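Asker: Residue numbers (the numbering used here), protein chains in the order written: chain A, 1 to 399; chain B, 1 to 213.
Hints may contain errors.
Label pairs and their in silico Cβ distance ranges [said to hold, decoys possible]:
| # | chain 1 | residue 1 | chain 2 | residue 2 | range |
| --- | --- | --- | --- | --- | --- |
| 1 | A | 267 | B | 95 | 46 to 56 Å |
| 2 | A | 268 | B | 194 | 23 to 33 Å |
| 3 | B | 193 | A | 209 | 58 to 68 Å |
| 4 | B | 161 | A | 306 | 45 to 55 Å |
| 5 | B | 145 | A | 380 | 21 to 31 Å |
| 6 | A | 323 | B | 82 | 38 to 48 Å |
| 7 | A | 390 | B | 97 | 27 to 37 Å |
Some chain B residues well away from chain A (every beta-carbon gap over 10 Å; in silico) [unchecked claim]:
| # | residue |
| --- | --- |
| 8 | 30 |
| 9 | 39 |
| 10 | 46 |
| 11 | 163 |
| 12 | 190 |
| 13 | 193 |
| 14 | 204 |
| 15 | 206 |
Hints were generated in silico from the structure; no laboratory data involved.
The structure displayed is predicted, hence computed values, not measured ones.
Quick reminder that beta carbons are idealized off the backbone N, C-alpha and C, glycines included.
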Amino acid sequence: MSGWKLRPLLLIVCLCAGTLACAVSPIAPLGKQTGIELEEDEKRLWKMAAEEQAKLDRGGRLYDDAVFSEYLNQVGGRLIPPNLDVKVVSFRFKIIKNPFLNAFSFPHGVIYIHSGLLAKMDNEAQLATVLAHEIAHVTHRHTLQAFRNIKGAAALMTTLQVIGAPAGLPGAGVVLLGAIGTMAAVSGYSQGAEEEADREAFDLLIRAGYDSTESPKLFDAIKKDLEERKIQEPFFFGTHPRLQDRKESFSRLLRKNPPSEPGEKATEPFEEKILPLLLENAQLDLAMGRFAFAEEALERYVKRLDDRPEGHYWLGEVYRQRAKDGDRESAEKKFLTAVERDPSYAHSYKGLGLISMKQGEKVKAREQFQKYLSLFPDPRDRGYIEQYLRELGEEAKGT
Amino acid sequence: MTWKLFRSACTLAGLALLAACAPYAMVGGKYTASGGDFEVEFPQGWRKHEIAFDNDRASIMMLEDLRKQRELKSDIVRITRDGLMLQRIAIGKLTIDTELSHTKKRFIKESLPQEVAELILDDFRSNPELQNQQLIENSPAKIAGYPGFKLVYSYQTKKGLAVKVVYYGLILAVPTPAIYYLVYEAPERHYFAKDLPTFERLKDTFAIKVRSG
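Chain A with its partners taken away, still in its complex shape (with noise of 0.2 Å):
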């Protein structure tokens, strides 16, 4: 069911959520006692979700890398409220392919990061905080939460034939809990469960002894970046009012409870680890055409890896794809010291045969091309750059 659908259907489910809020009796956070056993609506909402996160996880956009994998879940791990019984949830840590900025977690305790958030990161406080709002929401079960209000408001609903369900209950329930995924994933919980998820995150950092000051710090500097770069988002940690709400809620926690000593930041192993995912989220903005938004990865990445050819190779694409004035000269200055760097690095030799190509200089291109193939002697696009050559070597015979 595509978000746009859902959209009527939130706004009554928002609607009737919050008028229902208070008729839904409080329910504890998961470790505040002990002992605690799941209940049987709580139990179905976990299986769904389950269903629903394998789902995803078979959908090809898990980001594989082992080594950040490992790092985000061993920080994740040092988040956990230490008087959480393991036995009832259990925490793992998972990153989406997705230039946009988000990340949502799942009632019984999966979490995912979109690859974009994390490039916008500067240090591993600053993930500590995405990570700890979403256990907070885990471990003050805010799913169940909009899930029974939700229900409430779903019978409500029915009465009053807003949603037909033909396909019975379970149908219905699999429709309530992606209204809530995407409930969730666009405009978050309620402003209540938000601001708990802020309290809590808050006190999961200081505990874990990350440096709080970096909270405010990310949303912050997001917002401005988007509003800089003009660029709208549709998930709730790329929307304006969202960010806002988690900058002044971080905010006033930090007058509230100013640091009595300065926390871990740790830029340093952060940005040791994020590097080929900057490379490969900016691919994934330089395909959606967010060229702002990978030249700036890339020149980070760069900055750390300026002797590797990869960086550079990728910053001459945003320019030759980008062909604005100025842009040839740039991609072509970029290729050649991908070159530079290392002259066994194929792709940058492709980049510049199809700029001299487009200049029409034809022995060079064919040149460049020819170095390409031998380079890499099967490339996807093989038969183009073999085209290119029988049509470079007929029109030099022509000449």
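Fit chain B to the known structure of chain A by using the hints.
Answerer: Relative to chain A, chain B alone:
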């Protein structure tokens, strides 16, 4: 007698009106695009989809997706034999300034066929509704005598249906820069292989009527 004749005439007129307003119309033989830009030979037994008269929920959903792909903005004809969800061939023309659905990148008139193919692929890769996207082939191809490209790719819908696509395209800079394309799309299992030869034959009959110069 006159009344009977009148009633029959009314019934026939009603049926004709219904047929005219049906979402599908039988096709076969030569087809010339409404703008006269291209011609193609349609296979027998296939039906042309009429967007304006489609009330079918499944088709509407499909069309919403198509609308997302901005196909409706272009000069396009869409045919199927068993229904759009089971197989469809879309043939159309995009103007150079067409905005794609999922990428902000634009075509430029100096684009090489390979660059147009990459842009189509970028739009496909950036579509968050699709899962397990796989590029199977990206190669140069001749279409209507012009150098173009052939893409073969597959994806899974959110409901888990595996779909395979063949996309032929070319870019012409004159008289007005435009991209012409022929797309065949069908569920990978059972349907895709069945109608692929029909699509390839259709592709070979495709001719562009607006000649350069």
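Asker: Now tell me, hint by hint, if it's right for this structure.
Answerer: Hint-by-hint comparison with the structure:
1. Restraint check, residue 267/A to residue 95/B: a C-beta distance of roughly 48 Å satisfies the suggested window 46 to 56 Å.
2. Remark: the range hint 23 to 33 Å for residue 268/A to residue 194/B is contradicted by a beta-carbon distance near 58 Å.
3. The supplied range of 58 to 68 Å is met by residue 193/B and residue 209/A, whose beta-carbon atoms lie about 59 Å from each other.
4. Checking the proposed 45 to 55 Å range against residue 161/B and residue 306/A shows it holds: the Cβ atoms sit about 46 Å from each other.
5. Distance hint check: the CB atoms of residue 145/B and residue 380/A are about 26 Å apart, consistent with the given range 21 to 31 Å.
6. Roughly 43 Å separates the CB atoms of residue 323/A and residue 82/B, a value that falls within the hinted 38 to 48 Å.
7. Here the CB-CB span from residue 390/A to residue 97/B is close to 32 Å, well matched to the stated 27 to 37 Å.
8. The beta carbon of residue 30/B is kept farther than 10 Å from every beta carbon of chain A, the shortest such distance being approximately 31 Å.
9. Every CB of chain A is more than 10 Å from the CB of residue 39/B (nearest about 26 Å), matching its label as outside the interface.
10. No beta-carbon of chain A is positioned within 10 Å of the beta-carbon of residue 46/B; the least distance is around 29 Å.
11. Interface exclusion of residue 163/B from chain A stands, the closest Cβ pair being 14 Å apart, more than 10 Å.
12. For residue 190/B, the requirement that its beta carbon stay farther than 10 Å from each beta carbon of chain A is met, with the minimum near 22 Å.
13. Remark: the non-interface label on residue 193/B is consistent with the geometry, its nearest Cβ contact in chain A lying 23 Å away (cut-off 10 Å).
14. The beta carbon of residue 204/B sits about 19 Å from the closest Cβ of chain A, which is more than 10 Å, so the claim that it is off the interface holds.
15. No beta-carbon of chain A comes within 10 Å of the beta-carbon of residue 206/B; the shortest separation is about 20 Å.
Hint check: a violation occurs at hint 2 only; the rest are consistent with the structure.
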